[in-house]
Amino acid sequence: MRKSIYELDTGVLRAINKCKKPGYVYKMRKVPHLGILLALLYAFLMSTAVAIVKGIKKINPVEVLVIRSFMQAIVFGALAIYRKADIFGHPKERWHLLGRATSGALNMAGWYLSASKISLMDSSTIYYSAPVFVGFLAFIFLKETFGIFEALNTLVTVIGVILISQPHFIPWFADPEHPMTRSAVVGLILALLASFTFALTNIHLRKLQKTATEVTAFWFSLATIAIGSLIVAFTDEFKMPEGIIEWTLIVLVGLCGIFGQISFALALKIEKAGPVSIVQTCTIVIVLIYQLTFFHEPVTALSLVGALLIIISVVLTGLKETLKSVDLVKNIKHITAPTISWNVNHSEDGVQMQKYDTRGSLNLPNKVDHNTSNEKENGDIQSNGVLKRHSFPRLYY
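Convert by adding 157 to the 1-based position in the sequence shown; the result is the number in our numbering.
Read the hints as simulated data drawn from the structure, not as lab findings. The model shown is predicted, which means the values in this text are computed figures rather than measured ones. Backbone N, C-alpha and C define an ideal beta-carbon position, used for all residues, glycine too. Where hints are given, some of them may not hold.
To be verified - Derived DSS-like pairs (lysine-lysine); straight-line CA-CA distance at most 25 Å:
id	residue 1	residue 2
1	Lys477	Lys300
2	Lys241	Lys364
3	Lys396	Lys187
4	Lys426	Lys249
5	Lys429	Lys477
6	Lys429	Lys300
7	Lys429	Lys184
8	Lys184	Lys367
9	Lys396	Lys215
10	Lys367	Lys249
11	Lys241	Lys426
12	Lys426	Lys184
13	Lys429	Lys364
14	Lys396	Lys214
15	Lys184	Lys241
16	Lys300	Lys249
17	Lys249	Lys364
18	Lys477	Lys364
19	Lys367	Lys300
20	Lys367	Lys429
21	Lys187	Lys426
22	Lys367	Lys241
23	Lys477	Lys396
To be verified - Have a look at the derived ranges for each label pair, beta carbon to beta carbon:
id	residue 1	residue 2	range
24	Pro248	Lys300	20 to 28 Å
25	Trp329	Tyr239	51 to 59 Å
26	Leu309	Lys396	44 to 52 Å
27	His453	Arg363	39 to 47 Å
28	Val442	Phe293	45 to 53 Å
29	Ile238	Met397	28 to 36 Å
30	Lys249	Met397	38 to 46 Å
31	Gly400	Asp243	39 to 47 Å
32	Pro248	Trp329	50 to 58 Å
33	Leu194	Leu299	29 to 37 Å
34	Ile305	Val462	19 to 27 Å
35	Phe395	Thr338	33 to 41 Å
Throw the hints in and build the complete structure from the sequences for me.
Here is the structure:
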């Protein structure tokens, strides 16, 4: 008996020792709307970074991205070592870690290059249409459902992209006096490539459940350095920054990337993915302000309509995920469904049960023997010597 008590006490002590104080994520969740504010900060930092890249005319945008990735690799590599995380990721998730790193490098390179060739708002709007395409890719690779809502949302997004790009092979947009330039065509293709690879990145991120965030960011930075260096070498456009102003701007891009990654990771830990994706659409508004203020690029009415359609699609996608997470649609269905209640009166002869529902009341005399308590607990009712199974609806509050 003493031994068992000793073992019990030891087990209790071990359980107490394993208990830790609430982590920083738990404490941050107590701050109202902090996750939304962090997502908004991420949108601001990413918009600022791409605007700075567009403003540096003399240096290849991918070269700026490579320097930014060097800074990120140092910070997140040191953070992974400090937190003693597995630098190679979880063994079962390494292929997805490689896919996330590769697709992430391609989508950032495509976005930066497209912003240098077409307007800032057009490039960013097409780039951030990726969450809508995630549903289609998840249907292909993750076998998730792709219903009417997803199909219509994707169609609206495609229409928005067409209104922004205004391809001249469509007769409605054909304008012989102002043909599309080669640079504009390349910029649109790069923006679409960036959006597609951004959607692939989100697919891989869904599978990275056990790999630390800093490890994911570290390998993403290394892949960007490798792929970006190959792109710069292939285009033969390498040029060292000149002067304190260019170096300062490039360092600012790096800082925006570092703090943007941190704020986005924290936002997803604190807040649900749906609201975060909705707040990300603020990037389009921010880059529009930058475009009108600093670059003085014209904004057409069709581009604004296309951007609005894409924003609506992304917001609806985020709202759908939020409504699913709180089971709001399911609760509404149960609220509007007919409600059934039972009034039970016990007597010496048995149990008298009266059924009520929203369509009126119905008396159902059911005689239950006193020895059938187990059946009553399980929802079985004895009527005329026959046991009948009655299913009662689940109540949602």
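How the hints compare with the structure:
no.: 1; hint: Lys477 <-> Lys300; result: holds (18 Å)
no.: 2; hint: Lys241 <-> Lys364; result: holds (21 Å)
no.: 3; hint: Lys396 <-> Lys187; result: violated (48 Å)
no.: 4; hint: Lys426 <-> Lys249; result: holds (22 Å)
no.: 5; hint: Lys429 <-> Lys477; result: holds (12 Å)
no.: 6; hint: Lys429 <-> Lys300; result: holds (22 Å)
no.: 7; hint: Lys429 <-> Lys184; result: holds (16 Å)
no.: 8; hint: Lys184 <-> Lys367; result: holds (22 Å)
no.: 9; hint: Lys396 <-> Lys215; result: holds (8 Å)
no.: 10; hint: Lys367 <-> Lys249; result: holds (9 Å)
no.: 11; hint: Lys241 <-> Lys426; result: holds (20 Å)
no.: 12; hint: Lys426 <-> Lys184; result: holds (12 Å)
no.: 13; hint: Lys429 <-> Lys364; result: holds (17 Å)
no.: 14; hint: Lys396 <-> Lys214; result: holds (11 Å)
no.: 15; hint: Lys184 <-> Lys241; result: holds (22 Å)
no.: 16; hint: Lys300 <-> Lys249; result: holds (19 Å)
no.: 17; hint: Lys249 <-> Lys364; result: holds (10 Å)
no.: 18; hint: Lys477 <-> Lys364; result: holds (21 Å)
no.: 19; hint: Lys367 <-> Lys300; result: holds (21 Å)
no.: 20; hint: Lys367 <-> Lys429; result: holds (18 Å)
no.: 21; hint: Lys187 <-> Lys426; result: holds (13 Å)
no.: 22; hint: Lys367 <-> Lys241; result: holds (14 Å)
no.: 23; hint: Lys477 <-> Lys396; result: violated (46 Å)
no.: 24; hint: Pro248 <-> Lys300: 20 to 28 Å; result: holds (23 Å)
no.: 25; hint: Trp329 <-> Tyr239: 51 to 59 Å; result: holds (57 Å)
no.: 26; hint: Leu309 <-> Lys396: 44 to 52 Å; result: holds (47 Å)
no.: 27; hint: His453 <-> Arg363: 39 to 47 Å; result: holds (40 Å)
no.: 28; hint: Val442 <-> Phe293: 45 to 53 Å; result: violated (26 Å)
no.: 29; hint: Ile238 <-> Met397: 28 to 36 Å; result: holds (30 Å)
no.: 30; hint: Lys249 <-> Met397: 38 to 46 Å; result: holds (42 Å)
no.: 31; hint: Gly400 <-> Asp243: 39 to 47 Å; result: holds (42 Å)
no.: 32; hint: Pro248 <-> Trp329: 50 to 58 Å; result: holds (53 Å)
no.: 33; hint: Leu194 <-> Leu299: 29 to 37 Å; result: holds (31 Å)
no.: 34; hint: Ile305 <-> Val462: 19 to 27 Å; result: holds (23 Å)
no.: 35; hint: Phe395 <-> Thr338: 33 to 41 Å; result: violated (25 Å)
Hint check: violations occur at hints 3, 23, 28, 35; the rest are consistent with the structure.
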